[in-house]
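Trainee: Let chain A serve as the given structure and place chain B on it in line with the hints.
These protein sequence lines map, in sequence, to chains A and B.
If you number the first sequence the way the UniProt record's numbering does, the last residue is 214 and the count never jumps.
If you number the second sequence the way the UniProt record's numbering does, the last residue is 214 and the count never jumps.
Because the hints were derived from the structure by calculation, they are not lab data.
Misleading hints may appear alongside valid ones.
Stated by the list, open to error - Chain B stretches covered by chain A per the calculated footprint, using a threshold of three residues with CB under 8 Å from any CB of chain A: (1) 21-35; (2) 44-57; (3) 67-77; (4) 87-97; (5) 130-142; (6) 149-160.
Ideal Cβ placement from N, Cα and C applies to all residues, glycine included.
2 protein chains.
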Amino acid sequence: MIATLSDIESMDKSFRTNLINHLSGAKAVHLMGTFDEQHQSNLAIFSNVIHIGANPAMMGVLFRPVGADSHSYKNIQANKRFTLNQIPLSMVQQAHQTSARYPLGKSEFEAYGIEEERISEFDGPFVKNSLVKIGLTWEEEHLIKSNQTILIVGKIQYISIQDSILLPDGHIDLDVAQCVSAGGLDTYYQVKKLAQFPYAKVLADASHEPRRNS
Amino acid sequence: MIATLSDIESMDKSFRTNLINHLSGAKAVHLMGTFDEQHQSNLAIFSNVIHIGANPAMMGVLFRPVGADSHSYKNIQANKRFTLNQIPLSMVQQAHQTSARYPLGKSEFEAYGIEEERISEFDGPFVKNSLVKIGLTWEEEHLIKSNQTILIVGKIQYISIQDSILLPDGHIDLDVAQCVSAGGLDTYYQVKKLAQFPYAKVLADASHEPRRNS
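The shape of chain A in the complex, shown without the other chains (with noise of 0.2 Å):
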């Protein structure tokens, strides 16, 4: 399929929400907690995480334009901290039930049998499974004009990682740790791994092939 603008402007509503949703390829997926004001907990999945730098550490949150259900982004507001917790593989589909648009008064991780972990070092609700887990603060946001969605950057804080899947030089094992990402809204993928290579420095004689064996 071939499709300029005017083809994607005339695209029925669903099948382009699908297809533009799976262009960024699969998508590393997270459940994001939150407090709000009384300290009642909010978890929802996010699959807009995006590395920002290593140091200072930070990662980024793409949220949706805010409206009467954006309760992690108001609660982020709240209080300047979230968590982004691993999904492990055993909870994809609790997990993708997080996306519904839940009633404020109990917590998601009541409704769908999410055990939370709250723990003394970071203030905020981790996913008591998740082989990572990661705590972080508001640092500054961006509004994107073209569509009002909101890029949150936050500083990582505090990381918890199973010591299984962490490696001596700082690689996560994203194979054994089974990792779980997205494809559009709906699907959701595993990741084998597939090779691993050095940095890459420039060849000695690039003119016409790259190195296939370093």
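Mentor: Relative to the frame of chain A, chain B by itself:
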């Protein structure tokens, strides 16, 4: 492993770089094509691509702080256009090699044996063998103050998708497409489909257990 902010700040630099780059999970990777002012092509791998919105159809890319080697960024400033190309499984090592600091003077397409495609519908260099090719125009950009990285938001003007991976409802089968994701800066993963769930609705009785077989 548990790490607080002071632990993170005192980590070995290489360990921290690997670790923090892995926290966002498996990231979809793309090859970005740009033209310089002489219409010479440039190609570089990017793992920080994000879905911004479906209508208008937009994607974002996070760039490192601008320096002497920021060819892709400078090319976009010059002519406001870029392409994102899915990385075929067979080209992963060549794609990784494009991250080398290659001196200007020869296109990475030519240097690494990646076939370039130019088309009449969009003025940007595409990777001929990619199953998904996207042409975008610069729409807005945001400087992340915390570390001087830059988010460029592009509007999708052109899409080419191989028919064999496009489903009737607009989904792309990322499994059949052999979608490649990256962990950190040097490790590559293939995705395998796990499940597709219906649009999440609030459960009639969400007080105890989520639906498991719906």
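Trainee: Now tell me if each hint is right for this structure.
Mentor: Checked hints:
Judged by the Cβ-Cβ criterion of 8 Å, the stretch 21-35 of chain B is covered by chain A as claimed, because 10 of its residues qualify and three suffice. Proximity of the stretch 44-57 of chain B to chain A, defined as three or more residues with a beta carbon under 8 Å from a beta carbon of that chain, is established by the 11 residues found. Evaluation of the coverage hint for the stretch 67-77 of chain B: breached, as 0 residues show C-beta separations to chain A shorter than 8 Å, against a requirement of three. Check result for the stretch 87-97 of chain B against chain A: holds, 6 residues qualifying (beta carbon to beta carbon below 8 Å, three or more required).
A count of 5 residues in the stretch 130-142 of chain B with a Cβ less than 8 Å from any Cβ of chain A is obtained; the coverage claim is therefore met, three being the minimum. For the stretch 149-160 of chain B, the assignment as covered by chain A holds, since 9 residues bring a beta-carbon within under 8 Å of that chain's beta-carbons and 3 suffice.
The structure is inconsistent with hint 3 alone, although it conforms to all the rest.
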